[in-house]
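> All chains, please: the whole structure from these sequences, using the hints.
Heads up: the sequence shown at position 51 corresponds to 56 in the numbering used here, and the numbers run straight through without jumps.
Treat the hints with care, as some may be off.
Simulated crosslink set (SDA-like; lysine to any residue; CA at most 20 angstroms straight-line) [to be verified]:
{"no.": "1", "residue 1": "Lys78", "residue 2": "Leu96"}
{"no.": "2", "residue 1": "Lys58", "residue 2": "Arg95"}
{"no.": "3", "residue 1": "Lys108", "residue 2": "Tyr56"}
{"no.": "4", "residue 1": "Lys58", "residue 2": "Ser102"}
{"no.": "5", "residue 1": "Lys122", "residue 2": "Gln133"}
{"no.": "6", "residue 1": "Lys101", "residue 2": "Ala50"}
{"no.": "7", "residue 1": "Lys71", "residue 2": "Arg60"}
{"no.": "8", "residue 1": "Lys37", "residue 2": "Glu86"}
{"no.": "9", "residue 1": "Lys78", "residue 2": "Arg45"}
{"no.": "10", "residue 1": "Lys37", "residue 2": "Lys122"}
{"no.": "11", "residue 1": "Lys78", "residue 2": "Lys127"}
{"no.": "12", "residue 1": "Lys101", "residue 2": "Glu19"}
{"no.": "13", "residue 1": "Lys71", "residue 2": "Ala50"}
{"no.": "14", "residue 1": "Lys58", "residue 2": "Lys127"}
{"no.": "15", "residue 1": "Lys58", "residue 2": "Ile15"}
{"no.": "16", "residue 1": "Lys78", "residue 2": "Tyr56"}
{"no.": "17", "residue 1": "Lys58", "residue 2": "Asp47"}
{"no.": "18", "residue 1": "Lys127", "residue 2": "Arg138"}
Label pairs and their calculated CB-CB ranges [to be verified]:
{"no.": "19", "residue 1": "Ala50", "residue 2": "Ala24", "range": "15 to 25 angstroms"}
{"no.": "20", "residue 1": "Arg95", "residue 2": "Gly29", "range": "29 to 39 angstroms"}
{"no.": "21", "residue 1": "Val74", "residue 2": "Gly29", "range": "51 to 61 angstroms"}
{"no.": "22", "residue 1": "Ser52", "residue 2": "Gln87", "range": "22 to 32 angstroms"}
{"no.": "23", "residue 1": "Glu90", "residue 2": "Asn12", "range": "55 to 65 angstroms"}
Hints in this document: simulated from the structure, not taken from any laboratory.
None of these values were measured; they are calculated from a predicted model.
Beta carbons are placed, not taken as given, at the ideal position from N, Cα and C, and that holds for glycine.
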Amino acid sequence: MLIISNNVAIPNHEIEWSAIRAQGSGGQNVNKVSTAIHLRFDIRASSLPEYYKERLLALSDRRINKEGVIVIKAQSSRSQEQNREEALQRLTELIKSATVIQKTRRATKPSRNSQRKRMDSKTRHGKQKALRRKVFD
Numbered sequence: 006m007l008i009i010s011n012n013v014a015i016p017n018h019e020i021e022w023s024a025i026r027a028q029g030s031g032g033q034n035v036n037k038v039s040t041a042i043h044l045r046f047d048i049r050a051s052s053l054p055e056y057y058k059e060r061l062l063a064l065s066d067r068r069i070n071k072e073g074v075i076v077i078k079a080q081s082s083r084s085q086e087q088n089r090e091e092a093l094q095r096l097t098e099l100i101k102s103a104t105v106i107q108k109t110r111r112a113t114k115p116s117r118n119s120q121r122k123r124m125d126s127k128t129r130h131g132k133q134k135a136l137r138r139k140v141f142d
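So this is what it looks like as structure tokens:
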């Protein structure tokens, strides 16, 4: 059972695992042992609350395909068990990040004092540059 929050947990039977051979360098180990893990989690068929499902399906994440299935590949470790833990952790982080609501941005105007300071510094800089010019009679 994967615990997401106090109220939300995912049963093990909803997560599909498959062990595959890892890519990249690793000598003989990479050619013999299937240590990489493919985790598949179907959002629509899961027991997650509707709010979580809607938020996850609305995400534009490359790990979520068109059918609404999250596919995570973990292959950083030489141990299959460590890769499994890493994949579960990434799934948890993805689900938690979908539920975080961004604070709405309110447009603000610069204060009158900050505008005045900005204009003063520009005129000061312009005068300083004017003093560097050649003087014509």
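> So, for every hint listed, does it hold in this structure?
Each hint, compared with the structure:
1. Lys78 with Leu96: Since the Cα atoms of Lys78 and Leu96 sit roughly 10 angstroms apart, the hinted pair holds (cutoff 20 angstroms).
2. Lys58 with Arg95: 17 angstroms, holds
3. Lys108 with Tyr56: Roughly 18 angstroms separates the two Cα atoms, so the pair holds.
4. Lys58 with Ser102: 12 angstroms, holds
5. Lys122 with Gln133: Within the cut-off at roughly 16 angstroms; holds.
6. Lys101 with Ala50: 18 angstroms, holds
7. Lys71 with Arg60: Between Lys71 and Arg60 the Cα gap is close to 15 angstroms, so the pair holds against 20 angstroms.
8. Lys37 with Glu86: 16 angstroms, holds
9. Lys78 with Arg45: 9 angstroms, holds
10. Lys37 with Lys122: 69 angstroms, violated
11. Lys78 with Lys127: Status violated; Cα separation ~54 angstroms.
12. Lys101 with Glu19: 17 angstroms, holds
13. Lys71 with Ala50: The hint holds at about 14 angstroms.
14. Lys58 with Lys127: With Cα atoms ~53 angstroms apart, Lys58 and Lys127 exceed 20 angstroms; violated.
15. Lys58 with Ile15: 12 angstroms, holds
16. Lys78 with Tyr56: With a Cα-Cα distance of about 26 angstroms, the restraint between Lys78 and Tyr56 is violated, given a limit of 20 angstroms.
17. Lys58 with Asp47: 10 angstroms, holds
18. Lys127 with Arg138: Satisfied, since the Cα-Cα distance of roughly 17 angstroms is no more than 20 angstroms.
19. Ala50 with Ala24: 15 to 25 angstroms: 22 angstroms, holds
20. Arg95 with Gly29: 29 to 39 angstroms: Distance hint for Arg95, Gly29 is violated at roughly 18 angstroms.
21. Val74 with Gly29: 51 to 61 angstroms: 25 angstroms, violated
22. Ser52 with Gln87: 22 to 32 angstroms: Given range 22 to 32 angstroms: holds, Cβ gap about 27 angstroms.
23. Glu90 with Asn12: 55 to 65 angstroms: Given about 23 angstroms between the Cβ atoms, the range is violated.
Comparing the model with each numbered hint stated earlier shows that hints 10, 11, 14, 16, 20, 21, 23 do not hold.
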